[in-house]
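Enquirer: Residue strings, one per chain:
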Amino acid sequence: MSILIDADTTFIVQGITGREAVNLTRECLDYGAGAKVVGGVTPGRRGREVHGVPVFDSVAQAVEHHGAPIQGSVVTAPPAFTKDAVLEAIENGIELVVIVTERIPRGDVAQMVELAGERGARIIGPNCLGIIVPDVVKMGGIGGPARDAAKAYSPGSVGVISRSGGMTTEMSSTLTAAGLGQSTAVSIGGDAIIGQAYAELMPLFEADPETEAIVIYTEPGGRMEAQLAEWVTANDSRLPIVAFMAGRFMDEMPGMSFGHAGTIVEGKEDTATEKIARLAEAGIVVAEEISEIPAIVKTKIAARAGAAGRAVA
Amino acid sequence: MRFFEYESRQIVAKAGIPTSPHGFATTAEEARRIATEIGGPTVIKSQVLTGGRMKAGGVKFADTPDEAEAHARDILALEIGGHMPRGVLVDSKVDVKQEYYAGVVWDGMRKQPVILFSDMGGIDIEEVAESHPDHVGRGHFSTIHPFSDFQAKQVIAATGVTGKALQRATPILARLAKLFVERDMTLAEINPLAELADGSFVAVDAHMDMENEARPRQKALLAELGVGEEETRQAREATPFEIAGEAVDAMDHRGVAGNVTEFDGNLGLVIGAGGGSLTLFDAVRAHGGDPANYCEIGGNPSVKKAAGLAKLVLQKPGVDKIAVMMSIVSNTRVDIVARGVIKACIELGYDPAEKIAIFRIPGAWEEEGFKILERYGVEYADRSVSMHEAARRAVEKIGAAA
Amino acid sequence: MPGLFIDVEVAPEVASDPAYAARLEEVCPVDIYAVGPDGGVTVVEENLDECVLCRLCLDATPEGTVRVKKLYEDGATL
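Residue numbers (my numbering), protein chains in the order written: chain F, 1 to 313; chain W, 314 to 715; chain X, 716 to 793.
Since the hints were made in silico from the structure, they are not lab data. Any given hint could be a false lead.
[As the list claims (entries may be wrong)] Derived DSS-like pairs (lysine-lysine); straight-line CA-CA distance at most 27 Å:
| hint | chain 1 | residue 1 | chain 2 | residue 2 |
| --- | --- | --- | --- | --- |
| 1 | X | 784 | W | 624 |
| 2 | F | 300 | F | 151 |
| 3 | F | 151 | W | 491 |
| 4 | W | 684 | W | 710 |
| 5 | F | 36 | F | 151 |
| 6 | W | 684 | X | 784 |
| 7 | W | 491 | W | 477 |
| 8 | W | 327 | W | 491 |
| 9 | W | 624 | W | 710 |
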């Protein structure tokens with residue numbers, strides 16, 4: 001099992017004729033069983049094909065051509081056009097929108113997210129690499145070309161959630177090398193406002209019988225780690241969580257901007273130190289180094305299994 | 314990007330929010346002229362992009378134009394928190410009956426803007442929220458449904474404000490909420506919002522922060538305010554080294570080799586991407602290393618760009634070696650970065666094997682990249698060597714060199 | 716300045732052909748080939764090291780007439 005997507009998920013690529021989008025489409029088609037990319041949209045380019053995927057002027061045309069509702073969309077349109085593309089996807093019945101585009105003003109993100117909420121759709125990103133279910137399917141540039149993605153990701157029981165696209169792959173690769181596969185890895189994006197933060201994905205992992213543990217990559221900035229800690233405590237989650245926190249040095253440099261847009265340290269609440277404390281309070285282990293993560297995950301899973309065994313006995 | 318107070322006041326005024334009579338001056342003589350025009354007592358305020366100007370002596374009261382001129386002369390020469398003022402704002406000293414706070418910020422968890430109001434203005438809202446939470450009203454609002462004044466009214470009313478004051482403050486807070494969205498602000502704050510003896514409300518100070526990403530579409534406003542495209546308005550002004558880094562990034566449109574930040578260590582860093590850079594910078598410091606810089610490469614930069622960044626770092630005074638490290642790459646190519654950093658060494662007359670402490674970039678095209686590194690005798694590591702271990706090796710090497 | 720990492724060789728019959736020159740200029744994503752003043756192929760030396768080993772130039776010309784050499788691999792051809 002997996003969360004968000006599986007081998008049957010149909011999706012389109014908006015902005016498909018762009019250079020990066022062409023590569024991304026190829027990668028998705030090549031990976032695992034091959035993603036069901038049922039169309040692409042670039043206004044004015046109807047009639048073309050990208051790696052055999054038909055290109056349309058509008059999402060409505062793509063849906064009509066497909067002859068059934070389309071589940072997802074990967075949006076790669078330039079920042080000035082992203083909001084319109086996402087609204088178009090949502091209003092045409094698409095329920096899962098992965099926004100790859102970077103540098104979208106917060107006001108636009110808020111509008112997209114609010115509309116998604118009203119229509120029952122889910123947004124991943126912006127400024128993210130997408131979702132991967134190892135050896136099955138990927139939606140977005142996550143992991144890169146199929147051959148490279150296959151090196152880093154392997155199927156298994158760890159759910160990965162990361163604010164950094166690159167670090168999603170680094171952490172998954174570390175898990176894979178230690179014999180720990182991933183159920184689903186999600187690059188959620190590094191911006192200050194994103195469609196789905198950790199706590200919003202947790203119920204999905206919680207409900208996925210295959211997932212036994214969660215690994216997250218976090219950074220200073222924002223409250224989403226505190227929100228995760230609150231969620232874990234309030235819901236008595238069955239899943240052990242191991243976190244890695246990058247950007248600890250930023251605590252000494254308030255007001256400076258490093259890494260992602262969301263990492264501007266503005267108050268004491270969102271510093272690395274404060275977040276580590278919040279996560280620890282909720283029983284989430286914060287690893288000092290990425291290489292420590294697999295051993296911690298194994299110990300935690302074993303402890304959970306032991307506790308469950310005793311409970312049954 | 315931050316705005317100076319005199320700009321923030323213009324933004325507020327454009328939104329139809331009254332402000333106390335004031336003027337902006339860059340010389341003491343101008344300040345005197347403005348004080349004369351205003352008539353009566355004035356307040357001379359330093360225009361700097363940093364807090365604590367009151368404590369630093371950057372705000373002074375004047376009864377006469379002569380005094381205003383003298384204060385302006387002092388304040389214009391006063392450095393605050395490492396910043397020289399852009400000018401002074403000559404403000405009329407208004408007869409305040411009560412000070413309020415009005416603000417709008419983003420709530421990243423609710424993913425909506427939130428309006429804040431307090432009847433305890435003039436001090437930090439964080440302080441009020443901690444000591445008197447019942448005096449802070451808040452309310453989220455939609456960015457897709459039209460804003461209506463009642464949303465502002467109920468936030469104000471929640472703090473206990475009623476009567477004429479409620480009626481007068483409501484449209485002001487509503488206008489602030491609308492301007493926050495329309496102008497792509499990340500912070501819009503009027504503190505204090507003053508209720509005068511005659512019952513009218515004026516903004517006596519304002520603080521605006523605009524989202525950098527929105528600068529292209531707010532061009533018209535920025536032009537009206539006279540904000541140049543080159544003004545970054547960062548908390549700390551860019552150093553020449555950092556400006557040179559921006560020039561490298563602007564060399565061509567392929568990929569990113571930027572966000573260069575200067576530090577004073579001896580280990581130059583060519584690192585990437587966003588999350589990888591944060592991780593690696595921490596890792597170098599955790600092993601006792603002393604970074605000369607921070608930077609982010611990604612998005613598959615050209616050889617020229619990678620070389621440009623490596624050269625910049627290699628030429629920085631005090632840099633003995635560079636460490637070239639990234640998390641596993643899938644878009645950026647290992648061989649292209651390898652070519653770039655080796656080229657930089659050679660063109661500067663250095664031996665790459667000597668100058669590159671370690672190269673740890675696994676991922677796309679790594680086989681090709683490793684061939685290049687081997688040819689030049691550069692120590693490299695694949696994904697089996699963790700980012701922290703690579704950082705440790707780099708620090709160890711530079712320690713041995715010193 | 717010649718490339719540190721990459722060199723290309725274009726056979727005379729292709730190098731002097733304006734049609735191939737135009738084609739090479741079009742296909743190369745990093746502008747290693749340009750149409751020279753005489754209409755033939757000019758190799759832009761400063762761009763040689765930008766070569767992404769994409770083989771598009773090899774596909775655009777008769778086999779064996781364009782050779783892309785990896786100087787870091789003793790001149791092995793692509």
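Enquirer: List, from low to high, the hint numbers that the structure doesn't satisfy.
Expert: Checked against the structure, the only hint that fails is number 3, while the rest are satisfied.
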